[in-house]
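Trainee: From first to last, the protein sequence lines are chains A and B. In case it helps, the numbering used here puts the first sequence at residues 5 to 138. In case it helps, the numbering used here puts the second sequence at residues 64 to 115.
Calculated from the structure, these hints are not laboratory results. There are no misleading hints in this set.
Restraint-style ranges between C-beta atoms, simulated for each label pair:
1) A/113 - B/76: 22 to 30 Å
2) A/129 - B/106: 33 to 41 Å
3) B/99 - A/88: 17 to 25 Å
4) A/120 - B/94: 20 to 28 Å
5) B/85 - A/84: 19 to 27 Å
If we take Cβ atoms under 8 Å as the criterion, some of the chain B residues that face chain A in the derived model are:
6) 72
7) 75
8) 76
9) 77
10) 78
11) 79
12) 80
13) 83
14) 89
Cβ coordinates follow ideal geometry from the N, Cα and C atoms, glycine included.
Here's the letter readout for the chains.
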Amino acid sequence: MNALNTLVRHTPSDTRDDRDVREEPVTGSAEHSEPAEQAQQAEQAQSGVRPGITARVRDADGMAVASFVMGLAGLLVFNVVLGPCALVLGGLALTRGTTRRGRAVLGLSLGAADLIVLAAVTAADQSVSWSITG
Amino acid sequence: MIFIVAAFLLLGFLVGTAAHIPLPATFAAAAAIGAWLLVFAVRERKHHRQGS
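Could you put together the complete structure from these sequences and hints?
Mentor: Written out as structure tokens, the structure is:
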């Protein structure tokens, strides 16, 4: 969870740019120095409605659902691919303040269960692939 | 020939759990997972119809 937080901390689509531009600390201004981005932030700060926030929360909800679906399918097939995908998407959804926290947590735990199930089955078979062939 | 064997083993690693458990168990797990996904999709659709 800590690694995920550090991964997404400085991205421009994070929740940190919800606040006013003038409240931005001086030390963190390196990645916000592009003029187009600053103009967009100023525009968002001036308009009272801030339509970007609802779109971002809906994105986070979609991430939570995608994490759940990937984690569930990854229990049976493509554990190595779908498990980490579910973990990352669930963590991102929680970080970006989704309204469907239960779905995101379920996806997160299913992603972890993918890798645990694969490890258990591999250990039981004593082989990395295809137990049928011996 | 060795390339085909290596690709086959890599596919087995990629497929994951389904390559390790027996075939009837795979089918049972697939049915359970598919049923859960179907129920989730139906509930989601119903919820969206009511919401909008």
